[in-house]
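Asker: What follows is each chain in one-letter form.
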Amino acid sequence: MTAALVQAEDISKTFAGVRALDSVRFEVLSGEWIAIMGPSGSGKTTLINILGGLDRPTSGRAIVDGVNVGTLGERELTRYRAEKIGFVFQNFYLVPYLSAVENVMLAQYFHSVADEAEAAESLARVGLKGRLDHLPSQLSGGEQQRVALARALINHPKLILADEPTGNLDEANEQMVLELLQELHRSGHTILLVTHSPEIGRMADRRIELAHGRLMHIVANLT
Amino acid sequence: MFWRILWRLLYASRGRLALAVIAVASGAAVCAALLNLNLDATDKLTREFRVLGANVIISAAQDGDAAATIDAGTMQQIEQLRLPEIVAAAPYLYLSGEADAGANRTAVILAGTWLDEVARMNSWWKVEGNWVSARDSRSDCMIGEEAASRLGLIPGQNVKVVYAGREATLKVAGIVTAGSSEDSQIFIGLPLAQELAGLGERASLIQITARGSATEIEDVIRRLSSALPGVEVRPLRQLAQAEGRLLERIRGLLFGTVILILALSSLGVLAAMAGLALERRRDVGLMKAMGGPVRKIMRFFLAEAMAIGIAGGICGFIVGMALSEWIGERVFSVSITPRLIVLPATLALMVLVSLAGALPLRLLGRVRPSDILRGE
Numbered sequence: 003m004t005a006a007l008v009q010a011e012d013i014s015k016t017f018a019g020v021r022a023l024d025s026v027r028f029e030v031l032s033g034e035w036i037a038i039m040g041p042s043g044s045g046k047t048t049l050i051n052i053l054g055g056l057d058r059p060t061s062g063r064a065i066v067d068g069v070n071v072g073t074l075g076e077r078e079l080t081r082y083r084a085e086k087i088g089f090v091f092q093n094f095y096l097v098p099y100l101s102a103v104e105n106v107m108l109a110q111y112f113h114s115v116a117d118e119a120e121a122a123e124s125l126a127r128v129g130l131k132g133r134l135d136h137l138p139s140q141l142s143g144g145e146q147q148r149v150a151l152a153r154a155l156i157n158h159p160k161l162i163l164a165d166e167p168t169g170n171l172d173e174a175n176e177q178m179v180l181e182l183l184q185e186l187h188r189s190g191h192t193i194l195l196v197t198h199s200p201e202i203g204r205m206a207d208r209r210i211e212l213a214h215g216r217l218m219h220i221v222a223n224l225t
Numbered sequence: 003m004f005w006r007i008l009w010r011l012l013y014a015s016r017g018r019l020a021l022a023v024i025a026v027a028s029g030a031a032v033c034a035a036l037l038n039l040n041l042d043a044t045d046k047l048t049r050e051f052r053v054l055g056a057n058v059i060i061s062a063a064q065d066g067d068a069a070a071t072i073d074a075g076t077m078q079q080i081e082q083l084r085l086p087e088i089v090a091a092a093p094y095l096y097l098s099g100e101a102d103a104g105a106n107r108t109a110v111i112l113a114g115t116w117l118d119e120v121a122r123m124n125s126w127w128k129v130e131g132n133w134v135s136a137r138d139s140r141s142d143c144m145i146g147e148e149a150a151s152r153l154g155l156i157p158g159q160n161v162k163v164v165y166a167g168r169e170a171t172l173k174v175a176g177i178v179t180a181g182s183s184e185d186s187q188i189f190i191g192l193p194l195a196q197e198l199a200g201l202g203e204r205a206s207l208i209q210i211t212a213r214g215s216a217t218e219i220e221d222v223i224r225r226l227s228s229a230l231p232g233v234e235v236r237p238l239r240q241l242a243q244a245e246g247r248l249l250e251r252i253r254g255l256l257f258g259t260v261i262l263i264l265a266l267s268s269l270g271v272l273a274a275m276a277g278l279a280l281e282r283r284r285d286v287g288l289m290k291a292m293g294g295p296v297r298k299i300m301r302f303f304l305a306e307a308m309a310i311g312i313a314g315g316i317c318g319f320i321v322g323m324a325l326s327e328w329i330g331e332r333v334f335s336v337s338i339t340p341r342l343i344v345l346p347a348t349l350a351l352m353v354l355v356s357l358a359g360a361l362p363l364r365l366l367g368r369v370r371p372s373d374i375l376r377g378e
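Read top to bottom, the protein sequences are chains A and B.
Positions in the first sequence are counted from 1; adding 2 to them yields my numbering.
Positions in the second sequence are counted from 1; adding 2 to them yields my numbering.
Chain B with its partners taken away, still in its complex shape (with noise of 0.2 Å):
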């Protein structure tokens, strides 16, 4: 008998009803968005963030030697550990050399690597020309955009490098704009390097790309110095911390939005439920003057809105992967998976809404059957 009646009290106020489904489909689209990019888009874009450059740097142990260098074979002691983690490593010789386009000649911090996976750390800079995909290339290297212009070079023409009376001369491939130091910089093969330094298969240092939770990055940290004894293994601390706050934002920015919008779905759902409510008076009033106890009645009302959470809880919940997907490919530019346990989530949070929306309905639970009789 309860579903019948409730069946009854649904498809009798369908059209109030349908208002209020609309009413928190579209709190329940909102809300589904953006539980789900906060599940989805914070995972990704965490692993965005690990990729945009080094996270993990190794170096010889500090002894106040700042020109140590490491042995460029702890590498191949990286590569077989396997760590599932490190997406990309080079190691880095620095010299501080020169370089000369002909006309001008100045100062350059020489970067020795390996060529290929400056790409794949960096693929965030901006390129004019062209990566070079050859690790140990000994005719190309790429300039930061500072020094082409102090060099007045641009992509396929040559420059000569100089180390300690030892030169070579390369083609540039491409120009690197990345904001930061690379920008002064020339990235040259790391055996070209080795040899304008004459220093053998040294490096200064490592960098690594990781990606993970920072706390999987620590792990990571802790695997590797235990692993390599005698140097150095330290996180960039300072990515890292703003990669978290921008996270812990955008985090807070997607709840005060989720809770912003359950509070005007719950006015939604109060304004079609007020309205319900009077038309409704007349009913508990004589229900109750039949002896139906107000918890029966209420439950029948109680029901009623839970139905309107579900169906427009299920409702966003379709829409809202779909916005979800919109936004992450938009906004954050990344594919946003849609999270089965998104579902669950917005309908709880739907009946809930729906249930604060019912106020009106639970004051029914106050009419006085001699009043409604009587005509009040």
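This is chain A alone, in the form it adopts within the complex (with noise of 0.2 Å):
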């Protein structure tokens, strides 16, 4: 039997008296791709920030890896993102004076020791081996992506929380992420991924749907 990579257990968070997740209550096993849905503002943001440490529950607890997030000190906080958690972003967020390598470079930086050439055959991996020097400014908007997945996966997280990663990309880019993703899953990686998209979230082993802050329904995907 797979163990639990995740536990929540009936989160909730209130932002300045509004309740963004209410008693928000799942298991995620090693290994699982799952696809967070709902509508604008149901809370999947939240729901995944506080997976990944950079929220609070107000009650409850999110366990990852057996370690209850919400109890970590800032700085137990910080290590657990570092080497747990590989985030991607609907804005790519990459950092915009270091190249694509030094992006992927400074996460190992934070993790541990930076090196350059495994940097350099992550980037590879997924097909920007001739852009390692590229600002994002000279990268597509898929590229930067691509390189916003390296950077994810360069320190061998536990968890991938992608928000919304083909949000901001088009067609022929939204293709290529996926394909990656897929293979990600393929070959193991626990993924969760906020989407808007039902044929995304229909790619994942289950589709976890949210509506002002409560859990839905939980609808196992038939492959």
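Think of the hints as simulated: they come from the structure by calculation, not from any bench.
For clarity, every value in this text was computed on a predicted model and none was experimentally measured.
From the three backbone atoms N, C-alpha and C, an ideal C-beta is built for every residue, glycine too.
Incorrect hints may appear among the rest.
What the hints assert, rightly or not - Now the stretches of chain A that chain B is said to cover, found in silico as 3 or more residues with beta-carbon under 8 Å:
(1) 82 to 92
(2) 99 to 108
To be verified - No farther apart than 35 Å at their CA atoms in a straight line, the calculated lysine-lysine pairs in the DSBU-like style are these:
(3) Lys162(B) / Lys128(B)
(4) Lys86(A) / Lys131(A)
(5) Lys131(A) / Lys298(B)
(6) Lys160(A) / Lys131(A)
(7) Lys160(A) / Lys86(A)
(8) Lys298(B) / Lys160(A)
(9) Lys173(B) / Lys162(B)
(10) Lys173(B) / Lys128(B)
(11) Lys86(A) / Lys298(B)
Unchecked claim - Computed from the model, here is a short list of chain A residues facing chain B with C-beta under 7 Å:
(12) Leu56
(13) Asp57
(14) Ser61
(15) Tyr95
(16) Tyr111
(17) Phe112
(18) Ala116
Hey, can you piece these two chains together into the complex? The hints should help.
Answerer: What follows is the structure, given as structure tokens:
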């Protein structure tokens, strides 16, 4: 039996009196691809942020790889993000004055030691072998997102948290990024992906649907 | 990786950072100039002050006889001591005599001395005509401007000096303006004064111009006192204290200006860094989200601030050395030598200024990554 990598136990989050998450409870098994869906303001990003150690739950527990994220101190949270989480954002969030390879190396540097050869290899795996020294402004949206993916994977995280990673991409680039995610899934990575797209949602093993901060459904996709 | 990212940071913000470097360099130039002036000019001004007349007096031991004289041979003993601090020394024999310029005759103080030394000890005197270069001249004299005025004398004319029924006629080589009692005296050669007085090789006192700090001069006095028993060696306190006060004021002014400049430079850096901090907010939030420890992230920005301080400090030092030479010549009329010790001092001050001015960047450590990722 595969162990649960993520356990969301009645997670609630309130911002200035507004309840963004309301007793959300689910589990994610290691190697699963979960799509988190729901309308804007339903709490998808808040949930991702709590699981990624960027926010703390107001109540409930977020346990990832046996660690109760909400109880960690600032330094432990930083270490947790560096070691266990790989983030991919809709807006790519690359450091604009660092080249593609340096953006990947930065994640290595925060984790342990920067290794340019390894960073270059990870970029080659996402099809950017010839773009190592390009600045983000010299790359297309799809290329930037692939750099972000390489950066998210470089430290071999336990969990990949992707917040609408194809939201800013054209169809061709969206397809390329989705293929990379499918490849990651096949190689055993655990992925939680926020999306509005039903098509992308159907690619996942299961869909978690949120509305007004509440978990409405967990739907298993038929493969 | 650290240096690679630092270089990228510096290169990416080169325009804004150049402004900060200019702010630091401007401050560094003034600070380096003033620090160099403080080190070099005050030392040279001390020397300059030392040659503003005598600062040590040797006279007969005080035994109640105001007219007591000393053996002029004491001068030879002083010369044999070969004290390097002594710039000039001259024996003086003062006689209360009379001067006759034909139409005018007046009582006057005759100061018999080594006439060549008078010029060396009182180089700041204003002279109309010429100094007398022959130490024991029996034909020429110098006359104070007040005495010259009373006697109606101009350089080149003759004056008859009279003391105890003995007299000598001398040509006025120059009229001196000292702004003190010397203005009413007539300076004649020491042997002539001794002849007029009929005293033999005696002198009223010896005036010495010594250079060095107050402590060094105290040391000169101590060594002279032990080498010359039976005479009194004392400093001219008034001049030393006035000189000390003036130097203290100059030093205070320099340090006050340095502090003001440092504060203004900090504000200049602060203004440049405030804009930079806004630009960097997103990057810091992202780095923290990636698991970047605050210390590691802040190290980039503090190193950036230090680089500004070092770059500005070096540029400022070069300009400051030129500035100090200019100020030295124009304001203090002394030539200033660049002191290398000013470089590390300037760099240290400028790095501190830059770190103080980089306060907005340090506040970036408080950025919450979730706020940045939410677009706040």
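Asker: For every hint, state whether the structure bears it out.
Answerer: So, going through the hints one by one against the coordinates:
1. Counting residues of the region 82 to 92 of chain A whose CB lies closer than 8 Å to any CB of chain B gives 7, so the stated coverage by that chain holds, three being the minimum.
2. With 5 residues carrying a beta carbon less than 8 Å from a beta carbon of chain B, the region 99 to 108 of chain A meets the three-residue requirement, and the given coverage holds.
3. Under the criterion of a C-alpha separation no larger than 35 Å, the hint pairing Lys162(B) with Lys128(B) is consistent with the structure, at around 23 Å.
4. For the hint pairing Lys86(A) with Lys131(A), the CA-to-CA distance comes to about 26 Å; that is within 35 Å, so the pair holds.
5. Note on Lys131(A) and Lys298(B): the hinted pairing holds, with a Cα-Cα distance of about 29 Å set against a maximum of 35 Å.
6. Annotation: proposed proximity of Lys160(A) to Lys131(A) holds, straight-line Cα distance about 25 Å (limit 35 Å).
7. A threshold of 35 Å between alpha carbons decides the hint, and for Lys160(A) with Lys86(A) the separation of about 5 Å falls inside it, so the pair holds.
8. Proximity of Lys298(B) to Lys160(A) is assessed by CA-CA distance (about 23 Å); at most 35 Å being required, the pair is judged to hold.
9. Pair hint Lys173(B) plus Lys162(B) holds up; C-alpha atoms about 9 Å apart against a cutoff of 35 Å.
10. Taken as a hint, the Lys173(B) and Lys128(B) pair is honoured in the structure, with Cα atoms around 19 Å apart against an allowance of 35 Å.
11. Proximity of Lys86(A) to Lys298(B) is assessed by CA-CA distance (about 19 Å); at most 35 Å being required, the pair is judged to hold.
12. Interface restraint check: Leu56(A) against chain B, minimum CB-CB distance 4 Å, threshold 7 Å, status holds.
13. For Asp57(A), the suggested interface contact is upheld, since its CB lies about 5 Å from the closest CB of chain B, less than 7 Å.
14. The restraint placing Ser61(A) at the interface with chain B is violated, with a minimum CB-CB distance near 18 Å, outside the 7 Å limit.
15. The closest approach between the C-beta of Tyr95(A) and any C-beta of chain B is roughly 5 Å, which is under the 7 Å cut-off, so the hint is satisfied.
16. At its closest, the beta carbon of Tyr111(A) sits 4 Å from a beta carbon of chain B; the interface hint therefore holds under the 7 Å criterion.
17. Below 7 Å, beta-carbon pairs count as interface contacts, and Phe112(A) has one with chain B at about 4 Å; its hint therefore holds.
18. The beta carbon of Ala116(A) is positioned within 7 Å of a beta carbon in chain B (closest approach about 4 Å), and the interface hint is therefore held.
The structure fails to meet hint 14 from the earlier list, while all remaining hints are met.
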